[in-house]
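Trainee: Spelled out, the chains give:
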Amino acid sequence: MASQIVSLASVATPNNGVDLDEIMQQKAEHQGCGTSGGSGKASCGTGAGQGDLAPEIWEKVKNHPCYSEEAHHHYARMHVAVAPACNIQCNYCNRKYDCANESRPGVVSEKLTPEQAAKKVLAVASTIPQMTVLGIAGPGDPLANPEKTFKTFELISKTAPDIKLCLSTNGLMLPDHVNTIAGYNVDHVTITINMVDADVGAQIYPWIYYKNKRYKGREAAQILTDRQMQGLEMLTERGILCKVNSVMIPGINDHHLVEVNRAVKSRGAFLHNIMPLISAPEHGTVFGLNGQRGPTAQELKSLQDSCEGEMNMMRHCRQCRADAVGLLGEDRSAEFTTEAVMAMEVDYDIDSRKAYQTLVEQERQATADAKRMELETLAGEQSDVKILIAVATKGSGRINEHFGHATEFQIYEASASGAKFVGHRRVDLYCQGGYGEEEALETTIIRAINDCTAVFVAKIGGCPKASLESAGIDAVDRYAFEYIEQSVIAYYRDYLDKIRSGSVVHGQRGDAQIRQGAYVAA
Amino acid sequence: MAFKIVSSQCTSCSACEPECPNMAISEKNGTFVIDPAKCTECINYFDEPQCVAVCPVDDTCIIDNNYPRYSA
Chain D
1 MASQIVSLAS VATPNNGVDL DEIMQQKAEH QGCGTSGGSG KASCGTGAGQ GDLAPEIWEK
61 VKNHPCYSEE AHHHYARMHV AVAPACNIQC NYCNRKYDCA NESRPGVVSE KLTPEQAAKK
121 VLAVASTIPQ MTVLGIAGPG DPLANPEKTF KTFELISKTA PDIKLCLSTN GLMLPDHVNT
181 IAGYNVDHVT ITINMVDADV GAQIYPWIYY KNKRYKGREA AQILTDRQMQ GLEMLTERGI
241 LCKVNSVMIP GINDHHLVEV NRAVKSRGAF LHNIMPLISA PEHGTVFGLN GQRGPTAQEL
301 KSLQDSCEGE MNMMRHCRQC RADAVGLLGE DRSAEFTTEA VMAMEVDYDI DSRKAYQTLV
361 EQERQATADA KRMELETLAG EQSDVKILIA VATKGSGRIN EHFGHATEFQ IYEASASGAK
421 FVGHRRVDLY CQGGYGEEEA LETTIIRAIN DCTAVFVAKI GGCPKASLES AGIDAVDRYA
481 FEYIEQSVIA YYRDYLDKIR SGSVVHGQRG DAQIRQGAYV AA
Chain A
1 MAFKIVSSQC TSCSACEPEC PNMAISEKNG TFVIDPAKCT ECINYFDEPQ CVAVCPVDDT
61 CIIDNNYPRY SA
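Chains as they are written, first to last, in the UniProt record's numbering: chain D, 1 to 522; chain A, 1 to 72.
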């Protein structure tokens, strides 16, 4: 699940409303794992990350990096860019722009035919055994290219039946294709819904192309929202899992997204992903050119927090390209160009993929167990102190990246109820003159994690450590290669002790910037 | 009697190709082109030329002045 709230009740039992004291008592008696019977039973086995999701939903999402925050540390996805055409125009999108160093939805380096895409999927799946998900997300709209999209699904479902298929659409043509989607066993669909009010929509969508006509303004937005809601209802009626993506555009739909959240929840969407607007003049988008800003890190988090009581929120989205390959925090698409893929000898071996994934599951269970054991040390803690901690990681749920090599930091919120993933901040270098020098980089990183109390790293040099300290950020390498959540909880416990002993004065941190602009892959 | 595609503007997204009622659009050297002999400006088919309506880049599908306007 995306919103990984680590509460004792949720890891201990799938039932809500249980008596916390009773569970703590059981924990104390049975050391958490290895117990049988009673409400403590679910604490072992498949409980890792399930939170409050129903078992049948958890089964569908547990290995899907885009649907499960917990899975995204371990499993990879790929997108194939077979769908170049689009049927709507969004003010945050510009289809003309494709710098190789650019990373955002709607941008790809090369288009693929369905046959090329199928070969690429086999090549990637054989190279990256933790790649479990194939998505079609554009660079246009998959359902504006239905033949290419469904042909790709058909080919892949024959050659790599263990790979989950999903697609991401603007929803305009969704009602026409729900039957076909169900027919290919696509059980995850993402719809981008930025509004449920045509007056708001008219500020986001200049036009749509529908039934051989270009509609503009309010009329266009009304058709779009009607079709999106209809498509969402049709999918959820069939039991297809729906995630809703929303772009947060300050001053246009930021407050309205609370209403969107209610509307999609009532129609059965199970996960809401509110993403920051990516907007810079060099992208050539309407919003980039007219100076529309994106939200700050705290504006985004505050909106996500306010919707969280209503439904599961996704906070680990990296807003990747329509040809991205790898774990969500990385992009290995450059290794798999069409030329390289066509030259590869592919031996698709489901058994070796399964063997690898068994190891991943063991690692994942160990992570969850470590977290749970650590959480027990917070039992009875009543403090209302909350702090954010930035973590340098390459994946697998461990603190295993050098500060100087990190291209992003994952952000965890530590509180008396445990450790919770609340976002990530990109800090990779700009393709922009003047950047890249050490001082400039440190400034960029400090801006990106300025709301954090500490940063956990595998290693850090003396100079950056001192710069962080002077910005009030504690650079911590004593948890190198340990599990993230376990370490976050341990740090938090020490932090509370320090507040109580007077050696630390807890204060509010400032806001942080969400990085805009071009991405340079490793 | 025809529209043309400004190739320097074309993103090669292919959106126009299936919408053309005359099958006048095809891919050529990475971008799309309109066969002026087949284009009818969508007259008698639709209220507006479909390539213009669906194209994501403004002023990319334009009237080709080398040909007289189409009359049905």
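Some hints here could point you the wrong way.
[Said to hold, decoys possible] Footprint (simulated), chain A over chain D, 3 or more residues, beta carbon under 8 Å:
1) 80 to 94
2) 203 to 216
[Claimed, not checked] Counterexamples of contact, computed for chain A against chain D with all Cβ distances above 10 Å:
3) Ala37
4) Gln50
5) Val54
6) Asp59
7) Asn66
Keep in mind that the hints were calculated from the coordinates and are not lab data. Using N, Cα and C, we set each Cβ at its ideal position, and we do this for glycine too.
Trainee: Against this structure, judge whether each hint is valid.
Mentor: Going through the hints against the structure:
Under the rule that three or more residues need a Cβ within less than 8 Å of chain A, the assignment of the region 80 to 94 of chain D holds, with 5 such residues. Here the region 203 to 216 of chain D counts 4 residues with a CB under 8 Å from a CB of chain A, which clears the bar of 3, and the coverage holds. At the 10 Å boundary, the C-beta of Ala37 (chain A) stays outside the reach of chain D, the nearest C-beta of that chain being 23 Å off. Taking the minimum C-beta to C-beta distance to chain D, about 6 Å, the non-interface status of Gln50 (chain A) is violated against the 10 Å cut.
Annotated as non-interface, Val54 (chain A) brings its C-beta within 10 Å of a C-beta of chain D; the closest such distance is 5 Å. With a closest Cβ-Cβ approach of about 12 Å to chain D, Asp59 (chain A) is found to remain outside the 10 Å limit, as its non-interface label requires. The beta carbon of Asn66 (chain A) is kept farther than 10 Å from every beta carbon of chain D, the shortest such distance being approximately 26 Å.
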